[in-house]
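Chains as they are written, first to last, in our numbering: chain E, 1 to 350; chain V, 1 to 483; chain F, 1 to 193.
Hint data in this document are derived by calculation from the structure and do not stem from the laboratory. Some clues are possibly wrong.
[What the hints assert, rightly or not] Only some residues are given here: those of chain F computed to face chain V with a beta carbon under 10 Å: (1) G54; (2) S70; (3) C71; (4) E75; (5) E100; (6) E102; (7) G158.
Cβ atoms here follow ideal geometry from the backbone N, Cα and C, with glycine treated the same way.
Residues per chain are reported as follows:
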Amino acid sequence: MNEFFAEYPLVFTMATTLAKIVLFTHIGLILAAYMPWVERKVSAWMQDRVGPNRVGYAGLGQPIADALKFIFKEDPVPGHVDKVLFTLAPALTVIPAILVLAVVPFAPAVSLFGQTAQMAIADLSVGILFVFAFSSLAVYGITLAGWASNSKYPLIGGVRSAAQMVSYELCLGLSVVGVFMAAQTLRLTDIVELQVDGYWNMFTQPIGFLVFVIAAFAETNRLPFDLPEAETELVAGYHTEYGSMKFAMFFAGEYMAMFVFSCLVAVLFMGGWDVPFMSNESFAALGNWGAALGFVAFLTKVLLFLFFYVWVRFTIPRFKFDQLMHLGWKVLIPLSLLNILWAGLWNMPS
Amino acid sequence: MIKLSIDGREVEVEPGTTVLEAAATLGIDIPHYCYHPDIGVDGNCRICLVEVNGNTDKLAIGCKFPCGEGMEVETESEAVVKARKGVMEFLLINHPLDCTICDQAGECPLQDYSYHYGTGDSRFAEKKRNKPKHVEFSEKVMFDAERCILCTRCTRFFEEVRDCRPIGVENMGGKSTITTGPNGPIQDPYQMNIIDICPVGALTSRDFRFKQRVWFMDFADTVCPGCSKGCNITAGSYQGKLLRFVPRRNTEVNASWMCDDGRLSYDKYNMPERVRGASVSGDPASFDAARAKITELVGDGQGVAVLASTSQTSEELFAVREWARTARVRDLWHGERTWESDDFLKQADATPNTAGAQALGYASVPSQAPELRGLIVVGDVDVPPALLANLDFLIQQAPQAGELGEAAVVLLPGRNALEKNGHWTNGDGAVQEVRAARDPGPDVPEDWTIWRDLAGVSWTSIAEITKAMGAVSTADAEAVTAS
Amino acid sequence: MAKVVDRRKLNFWEELYLPAIASGMKRTFAQMFKPAITLQYPEQRPEIFDDYRGAPGLVRDQDGREKCVSCQLCEYICPPRAIVIVPGEAPDQPDYDYSEIEKAPKEFYIDMLRCIYCGYCEEICPEQAIFMTDLYELNAGSRQELVHDKAKLYDVGGLRVDAIQKWKDKNASPGSEERKNVPPSGNPGDGAH
Numbered sequence: 001m002n003e004f005f006a007e008y009p010l011v012f013t014m015a016t017t018l019a020k021i022v023l024f025t026h027i028g029l030i031l032a033a034y035m036p037w038v039e040r041k042v043s044a045w046m047q048d049r050v051g052p053n054r055v056g057y058a059g060l061g062q063p064i065a066d067a068l069k070f071i072f073k074e075d076p077v078p079g080h081v082d083k084v085l086f087t088l089a090p091a092l093t094v095i096p097a098i099l100v101l102a103v104v105p106f107a108p109a110v111s112l113f114g115q116t117a118q119m120a121i122a123d124l125s126v127g128i129l130f131v132f133a134f135s136s137l138a139v140y141g142i143t144l145a146g147w148a149s150n151s152k153y154p155l156i157g158g159v160r161s162a163a164q165m166v167s168y169e170l171c172l173g174l175s176v177v178g179v180f181m182a183a184q185t186l187r188l189t190d191i192v193e194l195q196v197d198g199y200w201n202m203f204t205q206p207i208g209f210l211v212f213v214i215a216a217f218a219e220t221n222r223l224p225f226d227l228p229e230a231e232t233e234l235v236a237g238y239h240t241e242y243g244s245m246k247f248a249m250f251f252a253g254e255y256m257a258m259f260v261f262s263c264l265v266a267v268l269f270m271g272g273w274d275v276p277f278m279s280n281e282s283f284a285a286l287g288n289w290g291a292a293l294g295f296v297a298f299l300t301k302v303l304l305f306l307f308f309y310v311w312v313r314f315t316i317p318r319f320k321f322d323q324l325m326h327l328g329w330k331v332l333i334p335l336s337l338l339n340i341l342w343a344g345l346w347n348m349p350s
Numbered sequence: 001m002i003k004l005s006i007d008g009r010e011v012e013v014e015p016g017t018t019v020l021e022a023a024a025t026l027g028i029d030i031p032h033y034c035y036h037p038d039i040g041v042d043g044n045c046r047i048c049l050v051e052v053n054g055n056t057d058k059l060a061i062g063c064k065f066p067c068g069e070g071m072e073v074e075t076e077s078e079a080v081v082k083a084r085k086g087v088m089e090f091l092l093i094n095h096p097l098d099c100t101i102c103d104q105a106g107e108c109p110l111q112d113y114s115y116h117y118g119t120g121d122s123r124f125a126e127k128k129r130n131k132p133k134h135v136e137f138s139e140k141v142m143f144d145a146e147r148c149i150l151c152t153r154c155t156r157f158f159e160e161v162r163d164c165r166p167i168g169v170e171n172m173g174g175k176s177t178i179t180t181g182p183n184g185p186i187q188d189p190y191q192m193n194i195i196d197i198c199p200v201g202a203l204t205s206r207d208f209r210f211k212q213r214v215w216f217m218d219f220a221d222t223v224c225p226g227c228s229k230g231c232n233i234t235a236g237s238y239q240g241k242l243l244r245f246v247p248r249r250n251t252e253v254n255a256s257w258m259c260d261d262g263r264l265s266y267d268k269y270n271m272p273e274r275v276r277g278a279s280v281s282g283d284p285a286s287f288d289a290a291r292a293k294i295t296e297l298v299g300d301g302q303g304v305a306v307l308a309s310t311s312q313t314s315e316e317l318f319a320v321r322e323w324a325r326t327a328r329v330r331d332l333w334h335g336e337r338t339w340e341s342d343d344f345l346k347q348a349d350a351t352p353n354t355a356g357a358q359a360l361g362y363a364s365v366p367s368q369a370p371e372l373r374g375l376i377v378v379g380d381v382d383v384p385p386a387l388l389a390n391l392d393f394l395i396q397q398a399p400q401a402g403e404l405g406e407a408a409v410v411l412l413p414g415r416n417a418l419e420k421n422g423h424w425t426n427g428d429g430a431v432q433e434v435r436a437a438r439d440p441g442p443d444v445p446e447d448w449t450i451w452r453d454l455a456g457v458s459w460t461s462i463a464e465i466t467k468a469m470g471a472v473s474t475a476d477a478e479a480v481t482a483s
Numbered sequence: 001m002a003k004v005v006d007r008r009k010l011n012f013w014e015e016l017y018l019p020a021i022a023s024g025m026k027r028t029f030a031q032m033f034k035p036a037i038t039l040q041y042p043e044q045r046p047e048i049f050d051d052y053r054g055a056p057g058l059v060r061d062q063d064g065r066e067k068c069v070s071c072q073l074c075e076y077i078c079p080p081r082a083i084v085i086v087p088g089e090a091p092d093q094p095d096y097d098y099s100e101i102e103k104a105p106k107e108f109y110i111d112m113l114r115c116i117y118c119g120y121c122e123e124i125c126p127e128q129a130i131f132m133t134d135l136y137e138l139n140a141g142s143r144q145e146l147v148h149d150k151a152k153l154y155d156v157g158g159l160r161v162d163a164i165q166k167w168k169d170k171n172a173s174p175g176s177e178e179r180k181n182v183p184p185s186g187n188p189g190d191g192a193h
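Make the full structure from the sequences, and use the hints.
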């Protein structure tokens with residue numbers, strides 16, 4: 001085998017890439033499927049309730065039951081909608097979220113059959129730009145859904161979403177500038193490796209971390225920034241007219257986005273696969289076990305951040321729209337500019 | 001004339017007037033059970049006590065005490081209120097707690113007076129007296145001896161109004177009870193009037209027994225359509241279904257009475273099966289189509305006659321006449337229907353408005369009927385078979401089509417006698433207002449609207465016709481029939 | 001005129017909101033470890049109080065007799081007009097203890113879709129024949145099934161033993177034997193004539 005792959009490294013690359021695609025997207029999808037369960041359980045605990053406990057052990061079958069229900073439900077398409085865009089919109093919210101997973105490094109490199117495989121599906125040198133390029137596309141899904149539904153609540157939801165995304169995309173981008181200023185690269189694997197040897201960015205750039213986290217909440221339309229679907233004012237916002245699997249795709253899209261942003265927070269600010277007090281050498285010394293350890297560490301961070309998402313949701317109430325805009329433009333952008341200045345001073349060649 | 005004061009208010013009355021009647025002219029209601037304006041005074045119930053000239057030792061009974069010059073009567077003084085309370089308590093001592101199953105509940109003077117004048121409580125701790133319940137006085141009247149307060153209105157009704165004694169009081173003291181005589185059940189054809197005059201639930205109608213609570217029912221003050229006497233009645237219905245007729249007091253016509261035949265005739269006016277909507281040649285058609293067909297059939301009016309029922313109100317007959325005038329139909333006839341009369345209220349003419357029809361120029365069907373091309377039948381009327389021979393067409397407007405319906409080229413719906421508004425003129429010439437007691441439901445317009453539309457007149461209400469009817473003199477009516 | 005509300009000026013930390021958010025997060029996190037207070041409904045049942053107002057039902061007395069005499073007061077008082085009674089005559093049974101009750105409902109309907117569980121029917125009933133039961137689970141496949149008829153209402157209400165037996169006590173009175181000897185009508189001893 002080793003000789004075969006040494007002779008045909010492309011085959012190895014193709015095989016491992018295929019395996020990574022299958023593995024990582026499924027991790028994402030399964031987590032996205034079980035996040036509603038986590039969300040319901042955690043909210044129940046916070047509210048002195050029990051949460052789902054009927055389907056399977058501790059209600060673990062609930063996501064499957066929900067999915068089956070969504071699949072078998074009638075798929076209603078109201079007569080007044082733009083049929084093409086109406087059908088396209090849910091797909092446009094899921095696909096960008098899944099695509100962003102391509103550049104996320106899940107673990108240190110693994111050696112197999114004498115070859116080395118990076119544990120990101122595509123270890124692009126412009127990783128962060130790729131992330132921003134595709135995560136920005138998600139706004140199209142929501143805005144198009146609002147537009148195509150051709151009724152008032154979805155439209156308001158769509159417009160709000162567009163305004164919100166544009167505002168927070170900006171500070172999201174600016175807050176990361178400090179990170180690649182420190183790393184002097186856009187490749188996510190390199191950013192992680194730098195943090196493994198040095199300090200996690202969340203400690204060196206606390207302001208940038210704070211801004212990124214807040215913007216991540218806004219980008220994923222999570223409370224306290226879920227104005228596009230604010231149920232008390234807009235019924236269900238942009239997905240008011242949706243039902244069945246189309247609705248489920250918006251749902252899945254939101255949780256996929258949560259997962260992706262959790263990954264990005266872990267990669268950019270929390271040291272990726274780093275375990276405290278371990279260096280790149282100590283990971284390499286452990287060989288593939290080191291990769292496995294890194295993978296577990298990475299997933300732990302992601303899961304903790306996902307829990308944080310839920311925790312915040314059931315603690316902080318929704319902003320008003322003027323407060324949202326005020327926070328985005330007048331507070332977070334100056335703060336992220338401050339962070340760039342801070343990062344510049346911190347990394348000044350002495 | 002005698003002047004006296006009642007509760008400090010001056011009143012002037014004829015000599016011989018009782019205090020109760022004098023108070024009634026002032027609108028003061030002195031409670032009474034045994035007294036009834038149409039069967040006279042007995043004075044046994046003692047609820048009508050009043051204080052005369054400050055004499056609190058011996059209160060007088062208002063129903064029998066004649067008015068005197070300068071008398072000062074108090075109906076609400078302390079002594080009177082206390083005495084009434086006492087009488088009320090006595091009356092209620094043996095009265096069972098039957099209101100839950102008693103048909104009188106809701107229209108019961110015993111309930112009302114107990115509420116207004118009673119103590120609301122009983123000090124009577126002993127067993128109440130037991131007497132026979134649900135005793136069948138006849139196939140029409142049910143008697144409950146426990147509820148009876150022995151006011152003897154019922155026995156006096158037969159003695160004074162009907163001059164017979166089918167029932168009377170038997171036994172003495174606490175065992176007194178009303179009972180039928182040796183001739184068995186009551187036979188009198190006016191016997192159900194004792195149900196109305198009974199102030200408690202002792203005498204109840206077996207026909208109306210447990211049919212419906214009176215407080216759920218709708219009531220319409222109208223006139224009995226049974227005969228030309230035109231007894232005033234209150235028709236009671238529940239959810240559009242007539243359940244009973246009860247006489248309404250009118251001293252000019254029927255006093256407080258009506259015959260049992262009239263009283264029990266209510267059900268035939270419920271008419272579950274009836275003509276709804278217009279039809280031409282047996283097929284349902286719009287009213288416009290029916291009107292067009294009638295105009296076409298009648299043509300110049302030659303050889304066409306109208307035969308109207310005398311159950312139609314004068315307004316409806318006037319509307320028909322108005323149409324006949326425009327259509328140049330000359331012969332206006334009214335139907336006839338008779339039954340057996342008696343010596344009291346029942347008249348031989350079994351329709352309520354013959355006099356009204358005649359006043360509007362409708363004539364009896366002549367014995368030698370002229371050659372007819374077409375006949376227009378209005379309302380529930382018996383058509384002499386002779387008229388039906390050699391007809392080209394028959395138009396019928398009636399609540400129920402009957403046998404004629406098949407022959408009718410145009411069939412229009414109509415309202416029956418209990419669904420009409422307007423006036424009837426009874427056999428004695430009294431014009432009395434008739435009010436609809438029930439709504440026939442969809443597709444049965446009021447009769448006058450059908451003929452108004454045919455005649456092309458712009459009346460909008462019955463009242464307008466009544467007014468128009470007064471303006472057109474009977475001379476005009478004669479001119480129409482003579483021309 | 002707009003009313004100006006004086007608001008307290010926030011200090012720097014309060015204006016940051018972060019301490020307030022942190023304290024809120026602490027609160028919700030601590031709450032996660034407290035026991036649940038909810039009821040696991042189909043297995044665990046809520047405690048039903050004596051004066052609970054569930055579905056109304058008709059009751060029979062200790063002799064299994066239907067107490068309702070169809071006086072229709074409940075039909076009258078019912079605010080949403082959920083009750084419809086068709087009154088009827090009870091069969092005549094001369095030797096029966098309750099022969100004085102001449103009236104009984106022929107049909108008795110309560111539309112549970114209309115019922116607002118106010119309990120007026122129970123309150124007004126002069127015969128103590130209708131009661132608000134503790135039945136709170138009402139479901140059906142059609143609207144018609146939720147119109148409870150007489151059989152269903154007696155099913156819901158069940159049996160009730162009363163301290164006071166109005167009709168029975170009355171019949172057990174000393175005069176009752178004498179009454180039974182009186183022929184129903186046409187008594188020849190006609191004292192009034």
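- Item | Numbers of the earlier hints that this structure fails to satisfy, in rising order | Result: hints 1, 7 break, sorted rising.
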